[in-house]
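Novice: What follows is each chain in one-letter form.
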Amino acid sequence: MLRIKADYTKCTGCRQCEVICSLQHKENTINPKTSRIRVFMREDLFFPVIAGPYTDAECNARAFVTIGDREYDECWICRASCPVKPWFKEPDTEIPLKCDFCGEPPDPQCVKWCFQEALTLVEVPD
Amino acid sequence: MNGWVGNILRVNLTQGNYTVEELDPDIAKDYLGGGGLGVKFLYDEIDPTIDPLGPDNKLIFSVSSLVGTGSPTTCHCAVVSKSPLTGAIGRSIMGGYFGAELKYAGYDAIIVEGKSPEPVSLWIMDDDIQLKPAQHLWGKTIPETEDMIRAEIEDEWRARGTQRTHGEWIARETQIASVGPAGERLVRLAAILTDKGRAAARTGMGTVMGSKNLKAVVTRGTKPVMVADGEAFKQAALAIQEILKGNDLTGNRHPKYGTPIAPPLWNTWGVLPARHFQAGIFPTEAVDKIKGRSYRASILLRGKSCFSCGMGCGRLTRVAEEEFAGSGEGPEWESVALLGICCGVDNLAAIAKANYNCNELGIDTISAGNVIACAMELFEKGIITEKDVGFELRFGDPQAVVRLTREIGWREGFGDILAEGAYRMTEKYGHPEFFMGVKKLELPAFNVRAMKGMGLNLATANEGANHMRGPMQNLELIGAPVKLDPLQTEGKAEWVKKLQDSMAISDSIGLCGFLDWAPITDEHKAALLEAVTGEGYTVDNMLLAGERIWNLERLFNLRAGFTKKDDTLPKRMLEEPMPEGPGKGHVCELDQMLPEYYQLRGWDENGVPTLDKLTELGLEPI
Chain S
1 MLRIKADYTK
11 CTGCRQCEVI
21 CSLQHKENTI
31 NPKTSRIRVF
41 MREDLFFPVI
51 AGPYTDAECN
61 ARAFVTIGDR
71 EYDECWICRA
81 SCPVKPWFKE
91 PDTEIPLKCD
101 FCGEPPDPQC
111 VKWCFQEALT
121 LVEVPD
Chain B
1 MNGWVGNILR
11 VNLTQGNYTV
21 EELDPDIAKD
31 YLGGGGLGVK
41 FLYDEIDPTI
51 DPLGPDNKLI
61 FSVSSLVGTG
71 SPTTCHCAVV
81 SKSPLTGAIG
91 RSIMGGYFGA
101 ELKYAGYDAI
111 IVEGKSPEPV
121 SLWIMDDDIQ
131 LKPAQHLWGK
141 TIPETEDMIR
151 AEIEDEWRAR
161 GTQRTHGEWI
171 ARETQIASVG
181 PAGERLVRLA
191 AILTDKGRAA
201 ARTGMGTVMG
211 SKNLKAVVTR
221 GTKPVMVADG
231 EAFKQAALAI
241 QEILKGNDLT
251 GNRHPKYGTP
261 IAPPLWNTWG
271 VLPARHFQAG
281 IFPTEAVDKI
291 KGRSYRASIL
301 LRGKSCFSCG
311 MGCGRLTRVA
321 EEEFAGSGEG
331 PEWESVALLG
341 ICCGVDNLAA
351 IAKANYNCNE
361 LGIDTISAGN
371 VIACAMELFE
381 KGIITEKDVG
391 FELRFGDPQA
401 VVRLTREIGW
411 REGFGDILAE
421 GAYRMTEKYG
431 HPEFFMGVKK
441 LELPAFNVRA
451 MKGMGLNLAT
461 ANEGANHMRG
471 PMQNLELIGA
481 PVKLDPLQTE
491 GKAEWVKKLQ
501 DSMAISDSIG
511 LCGFLDWAPI
521 TDEHKAALLE
531 AVTGEGYTVD
541 NMLLAGERIW
551 NLERLFNLRA
561 GFTKKDDTLP
571 KRMLEEPMPE
581 GPGKGHVCEL
591 DQMLPEYYQL
601 RGWDENGVPT
611 LDKLTELGLE
621 PI
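Keeping their order, the protein sequence lines are chains S and B. Under my numbering, the first residue of the first sequence carries the number 1, and numbering increases by one thereafter. Under my numbering, the first residue of the second sequence carries the number 1, and numbering increases by one thereafter.
Okay, chain S solo, but in the shape it has when bound (with noise of 0.2 Å):
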């Protein structure tokens, strides 16, 4: 199955990919506070977060992971539309969103726009 790759070591923090995706999903109209893709950015760390499922308590300990040479808070590159970040829910409502790859057959638009091709679209065992 097709699935988007985000290398965050390409990433320049463009954030072309926010403004797209929120273009997409409603006519005319731009708002990266309402993408479904954000990067996330930190001193020399540009790295494109995907929004991925809901959840309604944020987890119960914070965790650290480790990528490559860089310790990461765990929150920083969390997918999920959580209680505890602003992102990946509509600012005024709150509903939130998540990503849905532009449609079927997967046709992200980040991916298209991505001049860097931190974004790809690549192929995953199901």
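These are computed hints drawn from the structure, not numbers from a lab. A portion of the hints provided could be inaccurate.
[Unchecked claim] Calculated from the model, a selection of chain B residues having no Cβ within reach of chain S, i.e. all distances over 10 Å:
no., residue
1, 323
2, 390
3, 474
4, 619
[To be verified] Quick list of in silico lysine-lysine cross-link-like pairs, BS3-like style, CA-CA up to 30 Å:
no., chain 1, residue 1, chain 2, residue 2
5, S, 26, S, 10
6, S, 10, B, 613
7, S, 10, B, 256
All residues carry an ideal CB built from backbone N, CA and C; glycine is no exception.
For this one, chain S is given, so just place chain B on it according to the hints.
Specialist: Coordinates of chain B only, in the frame set by chain S:
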């Protein structure tokens, strides 16, 4: 309105209040946004002869209909005011994310008036506008200021009882534009920076901000930006994106090396500002130490983008070497050229450190490098001595550049004199002929004896010696879209006018100048504008708007007291033949180009727009 969000925020710092006004759609259409919109407001609202550091000056932040839409590279926030450095129209542009966030908060422009009795920050969080006390931020560097403001946001959300990390995200999404100690202390070279590393640097816009006791503008927005035709917009934007990706410069070398790809090419044409513009070439071994490849192998951490630009030419860097240790964004090419080559320095770590000083204290790196190099030449010629400077100031001394950038930012020691800019410094010491600049704005990295078209641009650009108003390097050095001979004056007037009007458009609609390296045409730009606004933009009315903006800036300067005499170049460029290199023996024959330039512009022999030209552009005579 589409593209535009339709609101202007007018803030009166004297009274401590604000109003929200409607953006006039006709003005928006005729002046495009950004620099164009800013000069229109300034022209209509202030007397161009006022004291730029007084409360009657206005500081305008303006964006465009395209900013925030994800239009490729469209991120600009222009800052416009009367310049305390030049006395002419002052205008500078920040990249980064600030402009887009201002749109999401619901504003196309901010007009700041008056002067606050105490230091304040302007907070714009959607409809919630506040002037908050900023005494605790006064005296802080720009990175400290941003960190403290974000910490305040996190504290505020924690106090509201929200879950752990909510405030962290809000703080991270918040964009900040601030001045450092340089702006606070009215250093005439002061810049405004956003995200700690993108600067509205030239013409002292930070000085105006500091003079108003405005420390920072803080913004976050959750509102949408509408486009007229989403499908047409996507098509227009992707078409541009494809061209950028397919072009070797914009799609490969520029993302990889950033602006530091320049040094070897500039050296080949002999246009470097070596040792305060005394020479046009620099030793090859020295150039090799600072060029893109060496930069990438030494101090570069990774590339960084501005909003909606995939090229990511921003340089996030770190110097490990203890003597010059530091980190931040840049140095960009002009910073390397002025803080380095112009001062005879080829030590990239030291240049980076001087650049970090400028970022932290909020100083224009071009003007800073130029004024330091100027002082080095005055020292070399015995006009100033160790007694004036505090130490022996020599070309090629990396510690001197690091030290003096710091002194400029804090107005300490000799830096207090450098902080006035190179024009005032050379006047003070009785040798104005050593000022390398135009209209009191310090020259950027172009030894125009060997680059005549750029010479004409620098002589006529409305803010003074600003290379990006008419980026003739694209034609005379790089060859995009065509290659011209830099040593010829023939035909340059027409090209300079063309580029100036084209950049007036880019700087107003918010597009990055590097788009001109790939063949991005007027048609592409007009297509974007029309898809987003649906206002009836064509190539013709867009080009006319560019010319209108240029002429309005010119009228501002004329009213401020500038004349044809000010459309000139330093004596060195006009009269001292280039000593060596490809431009050997050359001077910049401005007098061979200027009359034709005036004619093509529709100005009289004194450089004053004729009534016919003004009528064509819909402008009133002075």
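Novice: All hints are to be evaluated individually against the structure, with a verdict given for each.
Specialist: Hints, one by one, checked against the model:
no., hint, in the structure
1, 323, "holds, 23 Å"
2, 390, "holds, 35 Å"
3, 474, "holds, 21 Å"
4, 619, "holds, 33 Å"
5, 26(S) <-> 10(S), "holds, 28 Å"
6, 10(S) <-> 613(B), "violated, 50 Å"
7, 10(S) <-> 256(B), "holds, 11 Å"
When held up to the earlier numbered hints, the structure conflicts with hint 6 and nothing else.
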